[in-house]
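*Asks:* Just so you know, the sequences run in chain order W and L. Okay, so the first sequence: first residue is 1 according to our numbering, each after it adds one. Okay, so the second sequence: first residue is 1 according to our numbering, each after it adds one.
Among these hints, one or two may not hold up.
[Unchecked claim] In silico DMTMM-like pairs for lysine to aspartate or glutamate, Cα to Cα no more than 20 Å straight-line: (1) W/140 <-> W/128; (2) W/108 <-> W/332; (3) W/421 <-> L/184; (4) W/188 <-> L/219; (5) L/92 <-> W/332; (6) W/305 <-> W/342.
No lab work stands behind these hints, which were simulated from the structure alone. For clarity, every value in this text was computed on a predicted model and none was experimentally measured.
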Amino acid sequence: MNVLNQIWDFFASVKLAIFTLCTLAVTSIIGTVVPQGEPAAYYVQNYGIKLARFIDVLDFSKMYYSWWFLGLLGLLSANLIICSIERLPRVWRLITADNGDVAAENLKKMTLSRTWTTTADQPPLSGDQCRKLLEEAGWKPAARKDRQGNLLFFSQKGRWSRLGVYFVHLSILVIFLGAIVGHFTGFKGSIMIPELNLAEKIFSSKNQSTIDLGFAIRCNSFAIDFYKNGMPKEYQSSLTVIEDGKEVFTKTIEVNSPLQYRGITFYQSSYQGYKDFIFTITDESDGDAKTFSVPFQKQFTWQDKQVRFGVVNAEALGQRVTRSKIWFKYGDSPAVSKWLDDNTTEVFDVGTGRFAVSVKQMYATGLQVAKDPGVWIVYLGCLLMLLGLYMAFFMSHKKIWLHFSEKNHSSELILAGSVNKNRFSFTSQFEKIEEHIDKNVTT
Amino acid sequence: MESSQLLGITTLTYLLATLLYVALLVFKAPQLGKFATVFTFIAWLVQTVGIGLRWVESYQLGIGHAPLTNMYESVVFFAWTIAIVYLIIEWKVKTKVIGAFAMPFAFLAMAYASFSTDISKTISPLVPALQSNWLIAHVVTCFVGYAAFAIAAGLGVMYLLKKDDGEKTSFLATRFPEKRVLDDITHKTMVFGFIWLSAGIITGAVWANSAWGTYWSWDPKETWSLITWFFYALTLHARYTRGWAGKPIALLSIFGFISVLFTYYGVNFLLSGLHSYGSG
Ligand code: HEM
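Full structure from sequences and hints, please.
*Replies:* Pasting the structure below:
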């Protein structure tokens, strides 16, 4: 039993907490210096065979998920749990105990304590006056008789603040729980969807295996908006969720504004430009419109309308096409060709036909896909931590007593106060009440 | 008036305030203390207007965003938070000599922002990932924490300079508050910083989740902020539960600030990651 006790004490000790926090802080540095998640060959190349083996054995290449780092986090959790089990009952008693039950001589011994004695010819304060004094200072005194039958007013504030530290400690466990739930029930992945295409599966970022979404997501269009200086201003994808062949809804997503469906979130993360073009052609005579994706310098035909078209030339800034030269032919009329800025519409009058043609470079939108049912637990933990920190540092458990007794033609008034921290501000509150009583009592 | 002129005036006024605080310490002339406080406050007001104006200017350029988005703007904001956090401490503890150890940080930050050639002062547009209200919450919370840690380190230095009664102490240090008081303010300032750093890490995580779907990705800057957080957590425990006080806490406040500086500044230049300040 003795050994068990020792083990228990070891896990309950703050020494262990300091050791663990220190070790976590120091070892965490490793992963910021050694690049994470590279293939084994990278480490051999950059660190030499010997060091690379060392890195491999200690999992430095993915150290924040290594057995020993997770072990340290586990140790921290065990420490937190056992330390709290050890201390909470005592704290609970401090909170729920009858804190008012203190004898007069003990009140006099408190650090914050003051006694007034009034002689027989001075009228003493009445019970009501005592109560009012405390009420005016913002307390809600409850009257009681002490063991000698004397009148005692007691009031306390902020006793629950004693739980603040435990909320902070619990919050760390809640955050860990959220991370674990997310790890086992969620996934992270990504997918590139070319415009007009749809995807029902994504690629897991863990191992590139495919994950079935259970519905399909279609990229209707992708666009980049630029600042005047050429920097990208916003990436936007119009996405449609399709389930059982039916379109459920459409949303335009941007960075910082994802789409969410059935607990799965789609984030705008990257894009890829193609050498293909998206044509949207409207026959102005009857309003028929159709969209095509057309490879560069390939001729394409809209059978129903006897229309043939293609991109014969294009100008690009890097990967981004700025304008393209369209070749357009209707029936037997002679072909027309024109330069069009990317993503603009122009009307082509060809023989008897009149067509509105818009053309843009084809993109694929790169989406980050995540399902993380644990994230709300993590957020709850974060809130709990902030609440706990506030309680631990800005609130305190304050107690105040006013004891009133009469003996041998004189009466005695004892004011006493105690606080578990932030003594300074409580002292000034206490002194205010003292002054107040000074004004009302002549000794 | 342009924001850059106002911020230039701010730099000089912070220098003046710093010199006044040092003079107050050396010559022990209480009138100087009033001037020092007044100049600090004026500098802070001018800086507030300067930062506000920069915000307006960004809208005039058609790329409106809060002035908290690159290295230059963040260093300016750092100085701003140091000044206001210091003024609050001065008002609370009614001791002016601390200014001689706090305001140099505000001045140095402004001087670095103004004169360094490493960092660009132009108002530049925001890449898509930075266009989020969480950016403001994240930067503000982090920097209030950093400012508190800077001042705590200044207080730690004061503590170390002050010798115990009876030991030979330099005449300047005799004008510091008592060791017991210094120790207490250092601790409180660190606690204050710790709360804000916690909030800063949390707002950063929420933001990352709304932009990428991952609230924590162990990017070097995130990791360093966590290292700093662990460090201050262990300092609080060492003090609260193991009774460490005085010299060890003073030393920890200085080491903690070194970790803050590395998180804020070193990571950008020595390590690579998601955070964009390095590129500014
Ligand atoms: C990252 C992890 C931790 C954080 C953020 C944290 C946070 C805190 C905070 C803010 C306080 C209040 C300190 C004060 O009032 O000055 C505290 C107190 C305390 N912590 Fe932790 N803590 C952590 C880990 C631990 C662990 C692992 C233990 C295990 C033994 C522990 C044991 C204690 C104890 C015993 C107290 C004093 C409680 C009291 O008021 O009686 N802490 N902690």
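*Asks:* Now, for every hint given, state plainly whether the structure supports it.
*Replies:* Cross-check of the supplied hints:
A hinted pair counts as satisfied when its Cα atoms are at most 20 Å apart, and residue 140 of chain W with residue 128 of chain W qualifies at roughly 13 Å. A threshold of 20 Å between alpha carbons decides the hint, and for residue 108 of chain W with residue 332 of chain W the separation of about 112 Å lies outside it, so the pair is violated. With a C-alpha separation of about 12 Å, the suggested pair residue 421 of chain W and residue 184 of chain L falls inside the 20 Å cut-off, and the hint holds. For the hint pairing residue 188 of chain W with residue 219 of chain L, the CA-to-CA distance comes to about 17 Å; that is within 20 Å, so the pair holds.
Distance hint between residue 92 of chain L and residue 332 of chain W is unfulfilled; the C-alpha atoms sit about 89 Å from each other, more than 20 Å. This hinted pair does not check out: residue 305 of chain W and residue 342 of chain W have alpha carbons roughly 24 Å apart, beyond 20 Å.
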